[in-house]
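Enquirer: Kindly generate the complete structure, drawing on both the sequences and the hints.
These protein sequence lines are chains H and C, in that order.
Just so you know, we're using numbering that gives the first Met the number 0 here: the first sequence kicks off at 0 and counts up by one.
Just so you know, we're using numbering that gives the first Met the number 0 here: the second sequence kicks off at 0 and counts up by one.
To be clear, the hints were calculated from the coordinates, so they are not data collected in a lab.
Treat the numbers as computed from the prediction; the structure is a model and nothing was measured.
One or more of the hints may lead you astray.
As the list claims (entries may be wrong) - Facing chain H, according to a computed beta carbon distance under 8 angstroms, are these residues of chain C, among others: (1) I9; (2) P11; (3) P12; (4) M13; (5) A15; (6) D32; (7) P33; (8) A63; (9) S102; (10) E103; (11) V104; (12) L172; (13) P181.
Unchecked claim - Computed far set for chain C versus chain H, every beta-carbon distance over 10 angstroms: (14) D42; (15) S71; (16) G83; (17) E150; (18) T166.
Claimed, not checked - Under 7 angstroms between C-beta atoms, here's a sample of chain H residues computed to sit facing chain C: (19) R46; (20) G107; (21) R127; (22) T128; (23) P130; (24) I131; (25) S134; (26) W153; (27) A155; (28) Q157.
Glycine included, C-beta positions come from ideal geometry on N, C-alpha and C.
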Amino acid sequence: MSYSAPVPVFYSHVIYSGDLTVTTSRYYSVGSLTWALADRAIYVPVRISAPIVVKKLGIMNGADVGATLDLGIYDAAGTKLVSTGAQSQGSGSTMVIFDVTDTVIQMGLCYFAVVLSNNTSSVMGYNRTAPIPLSNGVLTEALGSTALPATATWAANQTNTFSPFVFAFLDPTAA
Amino acid sequence: MTMYNPPARIVPPMVAPIGIWGFIDDGLRGVADPSSGAWEFADRAAYFAVAIPTTTVARRLWWANGATVNASYNIDVGIYRDAGHKPGVKLVSAGSTAQGSASEVQFVNITDVTLAAGLYWLAITCSSTSATILRHASAVAAMPKGARFQENSALPLPATATPVQGTGVNVYLFGFATTASP
Chain H
0 MSYSAPVPVF YSHVIYSGDL TVTTSRYYSV GSLTWALADR AIYVPVRISA PIVVKKLGIM
60 NGADVGATLD LGIYDAAGTK LVSTGAQSQG SGSTMVIFDV TDTVIQMGLC YFAVVLSNNT
120 SSVMGYNRTA PIPLSNGVLT EALGSTALPA TATWAANQTN TFSPFVFAFL DPTAA
Chain C
0 MTMYNPPARI VPPMVAPIGI WGFIDDGLRG VADPSSGAWE FADRAAYFAV AIPTTTVARR
60 LWWANGATVN ASYNIDVGIY RDAGHKPGVK LVSAGSTAQG SASEVQFVNI TDVTLAAGLY
120 WLAITCSSTS ATILRHASAV AAMPKGARFQ ENSALPLPAT ATPVQGTGVN VYLFGFATTA
180 SP
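Expert: This is how it looks when you write it as structure tokens:
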């Protein structure tokens with residue numbers, strides 16, 4: 000048993016979207032998963048403990064690539080705060096990092112989002128038994144395109160098994 | 000992943016006994032995901048402590064159904080005040096509710112309840128040992144004993160808990176949502 004007492008907040012240089020999804024069984028193994036549905040966005044809740052300035056967003060590719068993707072951050076009400084816009088997924092089994100407009104993210108709950116254009120490419124994250132991602136607060140949206148919307152229209156997806164990793168970099172030199 | 004993300008005084012959208020505010024987190028570190036398992040004892044309530052770090056609002060109650068469900072099985076979920084490190088007076092509950100679809104999170108809307116920072120107890124009970132819920136079943140009975148209480152003949156959930164420390168080893172995947180939808 001443990002109690003996580005409040006501590007002073009010091010982020011290092013990166014925040015990732017495993018904050019809440021990992022906790023159902025901490026240290027659960029990371030895996031690569033083929034995107035289940037073209038143009039489906041997945042939104043993963045993340046707690047931000049102190050105001051930050053996000054300067055880049057990134058994702059870890061799996062072995063299969065070729066998609067167009069869009070990465071972003073939304074506030075708790077579903078309003079997009081920043082995104083990369085459509086980008087090529089890049090090389091397999093690497094982390095790809097994209098510049099974004101420097102954006103202040105206030106303390107509180109937000110959602111890290113990602114959408115891929117096909118159902119053949121893969122990215123890294125937690126692959127769980129459905130509906131565990133939903134029980135962690137992971138939401139989805141069928142977009143019909145590969146552009147994250149200005150306002151999310153979230154769905155409680157009972158069959159989604161995937162909680163992808165999206166990385167927010169505070170260091171402008173991350174590459 | 001080894002990146003550091005400090006504890007935040009921010010309540011997640013889905014609060015459960017298994018997770019960052021549940022006291023069961025560390026004891027189950029490294030085990031597999033919760034899996035479908037039969038309810039342990041008909042009409043028994045199981046109580047689990049959660050620490051709420053800041054004022055929040057419970058807007059829905061929920062539980063994760065397992066692989067075997069039936070509308071004739073009834074489930075109730077609720078939130079109790081702490082009473083000296085045991086569950087005390089009930090704040091809100093779903094009421095006895097027919098089990099819905101298999102392998103889905105089942106939500107029940109409630110009148111919003113504001114919870115000040117502090118210790119609370121999440122409670123769940125079920126009418127049938129044929130019903131299944133997602134849960135961790137600890138191989139070490141002493142571990143969940145330190146984190147849960149139980150009460151028999153407790154469907155629907157009672158207005159005031161009469162908890163006893165039992166032998167149940169299950170930690171269920173259920174709780175409350177701070178969001179009204181989806």
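Enquirer: Next, verify each hint and record whether it holds.
Expert: We went through each hint and held it up to the structure:
| no. | hint | result |
| --- | --- | --- |
| 1 | I9 | holds (4 angstroms) |
| 2 | P11 | holds (5 angstroms) |
| 3 | P12 | holds (4 angstroms) |
| 4 | M13 | holds (4 angstroms) |
| 5 | A15 | holds (7 angstroms) |
| 6 | D32 | holds (5 angstroms) |
| 7 | P33 | holds (7 angstroms) |
| 8 | A63 | holds (5 angstroms) |
| 9 | S102 | holds (6 angstroms) |
| 10 | E103 | holds (4 angstroms) |
| 11 | V104 | holds (5 angstroms) |
| 12 | L172 | holds (6 angstroms) |
| 13 | P181 | holds (4 angstroms) |
| 14 | D42 | holds (24 angstroms) |
| 15 | S71 | holds (21 angstroms) |
| 16 | G83 | holds (17 angstroms) |
| 17 | E150 | holds (21 angstroms) |
| 18 | T166 | holds (18 angstroms) |
| 19 | R46 | holds (4 angstroms) |
| 20 | G107 | holds (6 angstroms) |
| 21 | R127 | holds (6 angstroms) |
| 22 | T128 | holds (5 angstroms) |
| 23 | P130 | holds (5 angstroms) |
| 24 | I131 | holds (6 angstroms) |
| 25 | S134 | holds (5 angstroms) |
| 26 | W153 | holds (5 angstroms) |
| 27 | A155 | holds (4 angstroms) |
| 28 | Q157 | holds (4 angstroms) |
Comparing the model with each numbered hint stated earlier shows that all of them hold.
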